Amino acid sequence: DTGVSQNPRHKITKRGQNVTFRCDPISEHNRLYWYRQTLGQGPEFLTYFQNEAQLEKSRLLSDRFSAERPKGSFSTLEIQRTEQGDSAMYLCASSSPGTAYEQYFGPGTRLTVT
Amino acid sequence: QKEVEQDPGPLSVPEGAIVSLNCTYSNSAFQYFMWYRQYSRKGPELLMYTYSSGNKEDGRFTAQVDKSSKYISLFIRDSQPSDSATYLCAMIDRDDKIIFGKGTRLHILP
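Top to bottom, those sequences are chains A and B. Going by my numbering, the first residue of the first sequence is number 1, and it counts up by one from there. Going by my numbering, the first residue of the second sequence is number 1001, and it counts up by one from there.
Simulated from the structure, these hints should not be mistaken for laboratory data. Keep in mind that a hint or two might mislead.
Unchecked claim - Here chain A is said to cover these stretches of chain B; the calculated rule only asks that three of the stretch's residues, wherever they fall, bring their Cβ under 8 Å from a Cβ of chain A: (1) 1036 to 1050; (2) 1088 to 1098.
Claimed, not checked - Restraint-style ranges between C-beta atoms, simulated for each label pair: (3) B:Pro1010 x A:Arg59: 37 to 45 Å; (4) A:Pro70 x B:Arg1077: 43 to 51 Å; (5) B:Arg1041 x A:Arg64: 23 to 31 Å.
Fair warning: this is a prediction, and the values are worked out from it, not measured in the lab. Glycine included, each C-beta is placed from N, C-alpha and C at the ideal position.
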């Protein structure tokens, strides 16, 4: 297993367009987390899944954001009607059950909204 | 007051020096404390985690937690230029969400 992977690594889009990111977790991990990181800040929690169930969503996750993990394996994060303020690094992490303190991160998807 | 406070630096030290990185926090319910290293334009990499108060050592890295003072530290011995990165402290809340500090940028000067 090569760790958590994310695609695409970079995305440039125009304001108002929709974008979708994909995360493939470590195969035996049933928990999957999404974070957003802006320059000079630590990652901020967005949402997490245990298997296919979305258990927690941050107030940061406006109704333009939606995340899915339909079969409990990979996950997608979609942003509709992107705004310039959505420009950030979107990070995915995964962990085994009961080990939220041991999350392993992917390389991130850098989104630039022009 | 933010839940986790971390000085953003930058912190510059000569190669071979001992580095001390610190965070304070306000939520007494935190039980797990982590340190992540993040290189530029990469995802964070877990260095160490500690449960409750005490010390934990892994090679050149030592993590300390003082719950009475709500203060955690990471020490790096014999620092190397390859240690130059941003170091993020993090804690787990009661809902299993990680709360990160802003990160401290560290530069090890050859």
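Indices of hints not satisfied (ascending): Result: hint 3 breaks, nothing else.
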